[in-house]
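Student: Sequence:
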Amino acid sequence: MNKVAELIKSIASSLVDKPEEVEIHEVTGDTTTVYELKVAQEDLGKIIGKQGKTAKAMRTLLGAAAAKDKRRAVLEIVEQ
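For what it's worth, my numbering labels the leading residue of the sequence shown as -2, then goes sequentially.
FYI, nobody ran anything at the bench for these hints, they're computed from the structure. For each residue, glycine too, the CB sits at the ideal point set by N, CA and C. Mixed in with the good hints there might be a few duds.
[As the list claims (entries may be wrong)] Think about it this way: if two alpha-carbon atoms lie no more than 20 angstroms apart in a straight line, the pair counts; the simulated SDA-like pairs of lysine to any residue are:
| id | residue 1 | residue 2 |
| --- | --- | --- |
| 1 | K53 | R69 |
| 2 | K35 | A2 |
| 3 | K6 | T57 |
| 4 | K6 | T51 |
| 5 | K6 | A37 |
| 6 | K53 | D40 |
| 7 | K35 | D14 |
| 8 | K47 | A2 |
| 9 | K50 | L12 |
| 10 | K0 | K47 |
| 11 | K67 | K50 |
| 12 | K6 | E20 |
| 13 | K6 | A62 |
| 14 | K43 | E17 |
| 15 | K43 | L4 |
| 16 | K43 | R56 |
| 17 | K35 | T51 |
| 18 | K53 | T29 |
| 19 | K6 | A64 |
[Claimed, not checked] Using C-beta positions, here's what the derived DEER-type ranges look like:
| id | residue 1 | residue 2 | range |
| --- | --- | --- | --- |
| 20 | M(-2) | D27 | 15 to 23 angstroms |
| 21 | T57 | T28 | 12 to 20 angstroms |
| 22 | S7 | L41 | 13 to 21 angstroms |
| 23 | G49 | R69 | 17 to 25 angstroms |
| 24 | R68 | Q38 | 14 to 22 angstroms |
| 25 | G49 | S7 | 19 to 27 angstroms |
| 26 | E20 | D66 | 18 to 26 angstroms |
| 27 | K15 | R68 | 17 to 25 angstroms |
| 28 | A64 | Q38 | 27 to 35 angstroms |
| 29 | E18 | A64 | 13 to 21 angstroms |
| 30 | Q48 | G26 | 15 to 23 angstroms |
| 31 | K67 | Q38 | 35 to 43 angstroms |
Let the sequences and hints guide you as you build the complete structure.
Tutor: Structure follows, in C-alpha cells:
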C-alpha cells in the first residue's frame, strides 16, 4: 500500500466506529489512480458527512497528495 492509500485509510479509520472494516482497493491507470474506500454500512454516513463535506475534504487531500507525484487520484466510496 502506498503513502496515499495509507493516508486515506488512516483518515477513514479515525472517523468510523469499526476501523477494522476499513478497506482500500487501488486501481492504477496510466495517469490516474482510483482508490475505492469500503467501510461498514453503518459508518457510511460518517465518511460522507453532512452534505458530503467530509468526503469532499478527503478527496481534496487525496488530490493534493497525488499531485506531488504528478498523478491524478479519484476517491470512490463503495458500499460493502
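Student: Are the hints correct? Go through all of them and say.
Tutor: Now the hints, each set against the structure:
Of the supplied pair hints, the one linking K53 and R69 holds, its CA atoms being roughly 15 angstroms apart against a limit of 20 angstroms. Between K35 and A2 the CA atoms are separated by roughly 12 angstroms; this keeps the pair inside 20 angstroms, and the hint holds. For the hint pairing K6 with T57, the CA-to-CA distance comes to about 15 angstroms; that is within 20 angstroms, so the pair holds. A hinted pair counts as satisfied when its Cα atoms are at most 20 angstroms apart, and K6 with T51 qualifies at roughly 14 angstroms.
Annotation: proposed proximity of K6 to A37 holds, straight-line Cα distance about 13 angstroms (limit 20 angstroms). Between K53 and D40 the CA atoms are separated by roughly 16 angstroms; this keeps the pair inside 20 angstroms, and the hint holds. About 13 angstroms separates the Cα atoms of K35 and D14, which keeps this hinted pair within 20 angstroms; it holds. For the hint pairing K47 with A2, the CA-to-CA distance comes to about 23 angstroms; that exceeds 20 angstroms, so the pair is violated.
Restraint check for K50 and L12: the C-alpha separation of about 13 angstroms stays at or below 20 angstroms, so the hint holds. Taken as a hint, the K0 and K47 pair is broken in the structure, with Cα atoms around 27 angstroms apart against an allowance of 20 angstroms. Note on K67 and K50: the hinted pairing is violated, with a Cα-Cα distance of about 25 angstroms set against a maximum of 20 angstroms. Among the hinted pairs, K6 with E20 is consistent with the structure: their alpha-carbon atoms are about 7 angstroms apart, no more than 20 angstroms.
With a CA separation close to 14 angstroms, the supplied pair K6 and A62 stays within the 20 angstroms bound. Taken as a hint, the K43 and E17 pair is honoured in the structure, with Cα atoms around 15 angstroms apart against an allowance of 20 angstroms. Distance restraint check for K43 and L4: the Cα-Cα separation of roughly 17 angstroms lies within the 20 angstroms cut-off, and the hinted pair is therefore satisfied. For the hint linking K43 to R56, the alpha-carbon distance of about 15 angstroms falls within 20 angstroms, and the restraint holds.
With a C-alpha separation of about 15 angstroms, the suggested pair K35 and T51 falls inside the 20 angstroms cut-off, and the hint holds. For the proposed pair K53 and T29, the alpha carbon gap of about 18 angstroms is at most 20 angstroms, so the pair holds. Under the criterion of a C-alpha separation no larger than 20 angstroms, the hint pairing K6 with A64 is consistent with the structure, at around 18 angstroms. For the pair M(-2) and D27, the supplied restraint of 15 to 23 angstroms holds, since their beta-carbon distance comes to about 20 angstroms.
Remark: the range hint 12 to 20 angstroms for T57 to T28 is upheld by a beta-carbon distance near 19 angstroms. Range check, S7 to L41: Cβ separation about 18 angstroms, and the 13 to 21 angstroms hint holds. Separated by about 20 angstroms at the C-beta atoms, G49 and R69 satisfy the suggested range of 17 to 25 angstroms. Checked against the given bound of 14 to 22 angstroms, the beta carbons of R68 and Q38, roughly 31 angstroms apart, lie outside it.
Distance hint for G49 and S7: a CB-CB separation of about 20 angstroms, consistent with the stated range 19 to 27 angstroms. In this structure the supplied range 18 to 26 angstroms holds for E20 paired with D66, their Cβ-Cβ distance being about 22 angstroms. In this structure, K15 and R68 break the distance hint of 17 to 25 angstroms, their C-beta atoms being roughly 30 angstroms apart. Taking 27 to 35 angstroms as the suggested C-beta distance range, the pair A64 and Q38 conforms, at roughly 32 angstroms.
Remark: the range hint 13 to 21 angstroms for E18 to A64 is contradicted by a beta-carbon distance near 29 angstroms. Between Q48 and G26 the Cβ separation comes to about 30 angstroms, which falls outside the hinted range of 15 to 23 angstroms. The hint said 35 to 43 angstroms for the Cβ distance between K67 and Q38, and at roughly 36 angstroms that hint holds.
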